Structures are given as C-alpha cells and as structure tokens.
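Protein chains: 4
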Amino acid sequence: MNLKTDEFYSKADELIAAGRFIDSKGWVPATSGNFSARLSDGNIAITVSGRHKGQLQCDDIMLIDADGLSLDGKKPSAETLLHTALYRRYPDVQSILHPHSLNATLASRLFKTEVVLENYELLKALSGIDTHECRIVIPIFANDQNIPRLATAVDDYLDNYGAIHAYIIAGHGLYTWGNSVTDTLRHLEALDFLFDCEIRLYGVKQP
Amino acid sequence: MNLKTDEFYSKADELIAAGRFIDSKGWVPATSGNFSARLSDGNIAITVSGRHKGQLQCDDIMLIDADGLSLDGKKPSAETLLHTALYRRYPDVQSILHPHSLNATLASRLFKTEVVLENYELLKALSGIDTHECRIVIPIFANDQNIPRLATAVDDYLDNYGAIHAYIIAGHGLYTWGNSVTDTLRHLEALDFLFDCEIRLYGVKQP
Amino acid sequence: MNLKTDEFYSKADELIAAGRFIDSKGWVPATSGNFSARLSDGNIAITVSGRHKGQLQCDDIMLIDADGLSLDGKKPSAETLLHTALYRRYPDVQSILHPHSLNATLASRLFKTEVVLENYELLKALSGIDTHECRIVIPIFANDQNIPRLATAVDDYLDNYGAIHAYIIAGHGLYTWGNSVTDTLRHLEALDFLFDCEIRLYGVKQP
Amino acid sequence: MNLKTDEFYSKADELIAAGRFIDSKGWVPATSGNFSARLSDGNIAITVSGRHKGQLQCDDIMLIDADGLSLDGKKPSAETLLHTALYRRYPDVQSILHPHSLNATLASRLFKTEVVLENYELLKALSGIDTHECRIVIPIFANDQNIPRLATAVDDYLDNYGAIHAYIIAGHGLYTWGNSVTDTLRHLEALDFLFDCEIRLYGVKQP
Numbered sequence: 001m002n003l004k005t006d007e008f009y010s011k012a013d014e015l016i017a018a019g020r021f022i023d024s025k026g027w028v029p030a031t032s033g034n035f036s037a038r039l040s041d042g043n044i045a046i047t048v049s050g051r052h053k054g055q056l057q058c059d060d061i062m063l064i065d066a067d068g069l070s071l072d073g074k075k076p077s078a079e080t081l082l083h084t085a086l087y088r089r090y091p092d093v094q095s096i097l098h099p100h101s102l103n104a105t106l107a108s109r110l111f112k113t114e115v116v117l118e119n120y121e122l123l124k125a126l127s128g129i130d131t132h133e134c135r136i137v138i139p140i141f142a143n144d145q146n147i148p149r150l151a152t153a154v155d156d157y158l159d160n161y162g163a164i165h166a167y168i169i170a171g172h173g174l175y176t177w178g179n180s181v182t183d184t185l186r187h188l189e190a191l192d193f194l195f196d197c198e199i200r201l202y203g204v205k206q207p
Numbered sequence: 001m002n003l004k005t006d007e008f009y010s011k012a013d014e015l016i017a018a019g020r021f022i023d024s025k026g027w028v029p030a031t032s033g034n035f036s037a038r039l040s041d042g043n044i045a046i047t048v049s050g051r052h053k054g055q056l057q058c059d060d061i062m063l064i065d066a067d068g069l070s071l072d073g074k075k076p077s078a079e080t081l082l083h084t085a086l087y088r089r090y091p092d093v094q095s096i097l098h099p100h101s102l103n104a105t106l107a108s109r110l111f112k113t114e115v116v117l118e119n120y121e122l123l124k125a126l127s128g129i130d131t132h133e134c135r136i137v138i139p140i141f142a143n144d145q146n147i148p149r150l151a152t153a154v155d156d157y158l159d160n161y162g163a164i165h166a167y168i169i170a171g172h173g174l175y176t177w178g179n180s181v182t183d184t185l186r187h188l189e190a191l192d193f194l195f196d197c198e199i200r201l202y203g204v205k206q207p
Numbered sequence: 001m002n003l004k005t006d007e008f009y010s011k012a013d014e015l016i017a018a019g020r021f022i023d024s025k026g027w028v029p030a031t032s033g034n035f036s037a038r039l040s041d042g043n044i045a046i047t048v049s050g051r052h053k054g055q056l057q058c059d060d061i062m063l064i065d066a067d068g069l070s071l072d073g074k075k076p077s078a079e080t081l082l083h084t085a086l087y088r089r090y091p092d093v094q095s096i097l098h099p100h101s102l103n104a105t106l107a108s109r110l111f112k113t114e115v116v117l118e119n120y121e122l123l124k125a126l127s128g129i130d131t132h133e134c135r136i137v138i139p140i141f142a143n144d145q146n147i148p149r150l151a152t153a154v155d156d157y158l159d160n161y162g163a164i165h166a167y168i169i170a171g172h173g174l175y176t177w178g179n180s181v182t183d184t185l186r187h188l189e190a191l192d193f194l195f196d197c198e199i200r201l202y203g204v205k206q207p
Numbered sequence: 001m002n003l004k005t006d007e008f009y010s011k012a013d014e015l016i017a018a019g020r021f022i023d024s025k026g027w028v029p030a031t032s033g034n035f036s037a038r039l040s041d042g043n044i045a046i047t048v049s050g051r052h053k054g055q056l057q058c059d060d061i062m063l064i065d066a067d068g069l070s071l072d073g074k075k076p077s078a079e080t081l082l083h084t085a086l087y088r089r090y091p092d093v094q095s096i097l098h099p100h101s102l103n104a105t106l107a108s109r110l111f112k113t114e115v116v117l118e119n120y121e122l123l124k125a126l127s128g129i130d131t132h133e134c135r136i137v138i139p140i141f142a143n144d145q146n147i148p149r150l151a152t153a154v155d156d157y158l159d160n161y162g163a164i165h166a167y168i169i170a171g172h173g174l175y176t177w178g179n180s181v182t183d184t185l186r187h188l189e190a191l192d193f194l195f196d197c198e199i200r201l202y203g204v205k206q207p
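Protein chains in written order, with this note's numbering: chain A, 1 to 207; chain B, 1 to 207; chain C, 1 to 207; chain D, 1 to 207.
Among these hints, one or two may not hold up.
The list treats identical chains as interchangeable, and a pair is accepted whether it falls inside one copy or across any two copies.
Claimed, not checked - Capping the alpha-carbon separation at 16 Å, the derived lysine to aspartate or glutamate pairs in EDC-like fashion look like this: (1) LYS124 with ASP144; (2) LYS112 with ASP156; (3) LYS25 with ASP196; (4) LYS74 with ASP60; (5) LYS74 with ASP144; (6) LYS124 with ASP183; (7) LYS74 with ASP41; (8) LYS74 with ASP59; (9) LYS75 with ASP65; (10) LYS74 with ASP196; (11) LYS4 with ASP65; (12) LYS75 with ASP59; (13) LYS4 with ASP155.
No lab work stands behind these hints, which were simulated from the structure alone.
No experiment lies behind these values; they were computed from the predicted model shown.
Just chain A, same shape as in the assembly (with noise of 0.2 Å):
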C-alpha cells in the first residue's frame, strides 16, 4: 500500500523548495537542518538524516506519523521528537523548518539564554504582530544529543511561558514554524536578519 498521497508529494516540492531558498542563505552548512510539513490526516513529510538541503530530491522526504515513527522505512532526523512535540501543542502549525545558520548559533554564543527583539519593523513578520512596539523573546536552550531529553527542556518552557514564535539551541540552530511552509520561510526569514542586527549591535558602543 503506497501511503504517499498528492498531498504528500505536493508538500515534499515545498520543502524542497525552501531548501533551496534556504542553502542560497547559506543557512544549512554541509547536511546540517531538517524541515518538515503536516499533512491532513496528521502524518508528517520530513526531509530524511543526512542529505544536503540545498540539494534535496523528492526521495529525500519521508513520511512519519504523528509520533515519528518511520512509514516508508527511512530514517528520519535524530531531531524528530523536536517536530513532533510541536506539531502537538500547536494544532495550527503546519510546517517546521531548522536550519543552523551562522547568525544563530552567534547569537546563542553572545546573548546565552535569550535574544531580545525590540523596535524592528520587520517584527511584524512574524505572526500575530502588528508594531515594532513590543518585545519578543526567543529562548536559547543547551545543545543536548538526547534529544527526548531535550524535547522535554522545550516542553517546560512552553508550559511555562507559553506561545513563543521560535528557539535557537546553542551552538546548533533555529527552529520555526508556522501555518505553511511559506509562512515559516517568512518567520526564519526575518529572525535571521534580526539576529544579524542584533550580532552586530552587540558590544558597538552607541552614542
């Protein structure tokens, strides 16, 4: 029984798509992220361990459901349980995308536990924003191979502080997400330029 529908493969060309968008960033170094979209029935199109996301074939992108285990037999990212905990707090979110970019893992180098964007129109890229006039917090958690371990780190977070548009994990990478994968290249979008002003601001001394 073929489990992969259109609506799979219509989701696998998006995130191969933004890999490419994203390795023109240079946010995705040698085979570093992984990106995945829910499909309707609650299964998840994920890119497969390993290959390099600027240059992903539709083979590249699996299908695991709603626990990560694996459908078709491939492997999934070791980072899966980190999509899976989100798709299941946030029943709106239809797509997540990790890259490792440079301005990210500086950030977590610099600002250690979180990054603090203030007064940047570009803010308003993110959803549910309408001002520069507010403050938003991205939280920085320790780099952690057990991922189950650090799917839990995340998990108190979110209880605790609630709704947050994305984290860095130092050292690592990014993780977003949004209502469709076009939704979330505009968050990842916009934190990477935020995280740049924020690096470059860092230590300038200001009149």
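With chain A's structure known, arrange chains B, C and D on it following the hints.
Same frame as chain A, but now just chains B, C and D:
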C-alpha cells in the same frame, strides 16, 4: 472599464525586475518593502501589501490614484501615504523604492538622527551631485505605525530642510526616489554601499 | 569608415563578461567603475560613461585613441586619462579595470596613504610574484575631480617608486592592470581578498 | 596509450562541480587552490596548475601517479606533494580539497598555531564525530614555498598527534580530505562555517 494601460504594465514590469534585483541583495527580507512608479496620468503603480518583493508577479502590482485610493479593489501597502506625499511634493519624481536593508536598519540604530556622507566618489551616483567634496545628510525619522503622522513628520522636515535624496525610518528601512525606476535603483545601490562604509567604520579607531 | 574591428568586438566581449563577474561580487555599485582593453593598433576599447557595469551591452563599449579622444562620437568616462597614462607608461599592459569596491574604499579610510600586503600566499596571483615572503605596497592617492591633476599625482609616484600592481583613489576605488583582461581580473580578485583580510584584521588585538 | 579511464573522467567531473561550488562561496579567489581525487589503481586526478577553480574544464584535470609524477605531460600544482603524502598516509582517503578561503586565512592570523572547535553541533559533519561535546583541533603550519619541507612538517605533526580532519597553512589556506569528493566538501563547508564563528567571536567580550 480596465484602467490598466500599456504604461501600467510596462511600469509593473520595471517594478518586478527591480524587486528581483533588490531581493538578490537581501534588502527585502520576508515580505518587507514596497515599490511604486508614477504614470503619466498621475495615477501610481504600487506593490500590493504582503507579497515577497523578490517573487512579484504582475498581479502583485496594483493601481492607486494620487491620493492613495485603490483603483482596482486591491489593498495597497499600509505605507502608501508616504509614497503619495513624495509624489505630490516632487513633480519630477517618477519612482519610489522602499527596502528594509540591514545597513539602513543598523545605520538608524548607530547614528540615531541622521547619516552624514562625505568624501565618497559614489555620492556622484545621487542626482545633481558632481563631486565627492560635498556633505549629504540622510535624515532618520522615528518609526510610527500611524502613517499619516509619520508622513507629517517627513513633510515638516522637508519643508524646513528642502530637497534630500532619501530618508530612513528607524529600525525599519530606507525611502529613496528618482526620475525613473532605474535612477531610483542607482540611488538605492549607492546609498546602501555608503551606509555599509559608515557602519563598518563606526567605532573603528582611525589613525 | 567603421573603425571597429573584429579585435574591438572581441575585447568588448571580454570587458562585458568582466563587468558581469565584477558586479556579481558587488564591486561596481550604481553606475560606478570603468574598464578598458588596448587593441593592437594602439587604440583602446573603454566603457562609455554612466552605464551599469554589470549590465553592459556591446553598445556601451566605445573606441578612443591613445590620447583618450573619442573615435566614435561617444563620451568616455571622465577618468579616461588615468587609463591612457597607464597604457603610455607600461607597453605590456593590455587591460585596466577600475571598480569601486567596499574593501578598496574602506582600506583608503583606514590606511590613509598605502596598503601593505605581506605574507599572503595569494600575493603570488600578482604578476612577477613567486613567494609569499614579499612586501607589496598599494599606494592611496587623494581623490580629485580634476583628472589631469590626479593623473599627474599618479605619474609622479610611479616616476619615483617604479612599477606597482595597482593603486587606490581614496573614498573612490581601485585601479589595477595586466597583460590581458584575464590577468587583470586575477589581480583584482586577489587584491580585493587581501584588502578584506587587512580590513578585518585592522584594530583586532592579536595575541 | 590513453591512461585516462572512465573512472578518471567521472572523478574529473566531480572535481569540476566541486570547483564551481567552492568558487560560488568565494573560497578560491584568482587561480588559487587545488583539488584531487584518487582512482582505484592508485593514480590521482588533480587540478592543473594556474587555472581558475570556478571555471575548470575537463582539460584542467590531469593524471599523476602516487608519487606525484605527471602521467599525461601536464604540469600539476606545486603543492602536489601535500596531496600524495596524505593519500600515502590514509588509505581510506579518496579526495583532498585545498581552497584559500578568507576564514582560513584570517584564522591563521588570529589563532597562530591551531584553531580549537568545541560545542558546535556542526562538528558532527566531520567523519567519526557524533556529538557536539568534543574538542577538535585544526593545526596551523607556517607557510613555506619549499613544498617537500612543508610536507615533512605536516608528516611530523601527524606522526605525533595522529589523525586529524584538516590543517591550515598560515596566510594561505585549508587542506581537508575525506572518503569521497562529497565527504570532503561536507568537511570543507562545515569547517569554513566554524572558522567564521570563531573569527567573529574572537575578541568579542562575552557576558
């Protein structure tokens, strides 16, 4: 009745091409920025709100009148009044480009009230400048979600200080204009380069 | 009589391709820069004034004689005399490229009178250099809208200090040359890289 | 007799594609860098001296034996001995890439003797590394135009310190290797990213 003339479609094509160029430089992250061109009858071709400026289609360019009213039922950018105010003030201006570049954003954070550009050969890319031995001031206005109020702040400045080539909205982006889309792109490319110079020299101890 | 030979069109094609390459690096923002190549009869193919160097068409390359006089009625760059002076001095030089790169501009602001390059393997990309153990000096001249006076300042330096590979005009850009367009592009690519190194190391406290 | 097998042409194609990728990152300015891949008979496909590595043609890849002797009359890179020494030491290594990136050059100026990489998720892109909790050392050797002497310095280090993933030659560039061209490109992309991180964090006062 179709208000869209050959001239409209020609200007739309110029704005679409300008968008691809501007996006290739990274100056319109997410769906930021807006662009316009004036038609010979005084109406204005302008980008529709919320589209990615590097991926514009003909359908993403709409028609407004000189007061910013939609003539085709589409929704123009929230910042349309900033465009119409400039067209009203400057009869020779035929195009306005508003990107959100990193350099304009950082310049506003570092220089607060104005960016002063002196002794750069590239200043000659600005209309009416024929020597590097000049002093060009690009004012920085506080960001404001109240666009009529922001437009008034700009108008007051222009009433007092006369003609300028561009202005920055703090934490937001650059507005620049010219006698054609090509002229305006030349202004944009030159100003972003010069902001980059000033930012990178900021705080560097010079011998 | 058509003065434009097959050799002219061949050189024009080389300059057009060089322009696309140079623009892809961001070294000719707005309509800055100018390029030339010498023909076997001593005349010179050179870019017309005021065109974007990344979008050159055949029509944007014109023909001048060894003294800089237009042979086809077009208007050459205001800086043509800097080209003809170099061709007169160096019989082997067949091409001159003058971009306005950020690194050349910043280097002139930081290093004032000369950029000194030492201990870089990439110095071997410069004609006649076969070891990193050398000291290459790139002089910086004050910018001047009076081109004959600027040409004289360059000539005086060359009379006193002998052969160099390039010079910078402060706040303006780089002039470099070579025995072919390809050689000159190699000089350009190497020098911009080395300026980038020196700028980024400037003011960094080294252990 | 034509020594060039289908395997040679296949490896040559891989090196040409690697060159285009590496050049798109700006890591082989001018005609710098050299690349090789080992064939199953122990001979080596390697770039010819003096070509631009972003514009390689099949003709720019030559055949040498395991001692670095030309098998086709072409002239290999002056640094061929550095390649053959690595192939001799590591039987599993099938490709060596040597670019001249800005980051490798700056890292050698700032860190002098070695670059230490710790706590980066991207370290997992290096063969045999499966956690960010490790300490990877990339040694820096003094540049030397005497390649046999430089090869001996590298060999002495490897005799004493065992297997490494890459080394830097000061003011010159990076050597990295892997079990295929693709593996080696992954090493290269990861290392350049990590050097970039370390350089940008260098001297920044961290909280």
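Consistency of the hints with the structure:
{"no.": "1", "hint": "LYS124 with ASP144", "result": "between (32 Å within a copy, 13 Å between copies)"}
{"no.": "2", "hint": "LYS112 with ASP156", "result": "neither (18 Å within a copy, 40 Å between copies)"}
{"no.": "3", "hint": "LYS25 with ASP196", "result": "both (13 Å within a copy, 15 Å between copies)"}
{"no.": "4", "hint": "LYS74 with ASP60", "result": "within (9 Å within a copy, 40 Å between copies)"}
{"no.": "5", "hint": "LYS74 with ASP144", "result": "neither (24 Å within a copy, 49 Å between copies)"}
{"no.": "6", "hint": "LYS124 with ASP183", "result": "within (12 Å within a copy, 30 Å between copies)"}
{"no.": "7", "hint": "LYS74 with ASP41", "result": "neither (19 Å within a copy, 35 Å between copies)"}
{"no.": "8", "hint": "LYS74 with ASP59", "result": "within (10 Å within a copy, 40 Å between copies)"}
{"no.": "9", "hint": "LYS75 with ASP65", "result": "within (13 Å within a copy, 40 Å between copies)"}
{"no.": "10", "hint": "LYS74 with ASP196", "result": "neither (36 Å within a copy, 34 Å between copies)"}
{"no.": "11", "hint": "LYS4 with ASP65", "result": "within (12 Å within a copy, 50 Å between copies)"}
{"no.": "12", "hint": "LYS75 with ASP59", "result": "within (12 Å within a copy, 40 Å between copies)"}
{"no.": "13", "hint": "LYS4 with ASP155", "result": "neither (30 Å within a copy, 53 Å between copies)"}
In terms of the numbered hints stated before, the structure departs from hints 2, 5, 7, 10, 13, listed from lowest to highest.
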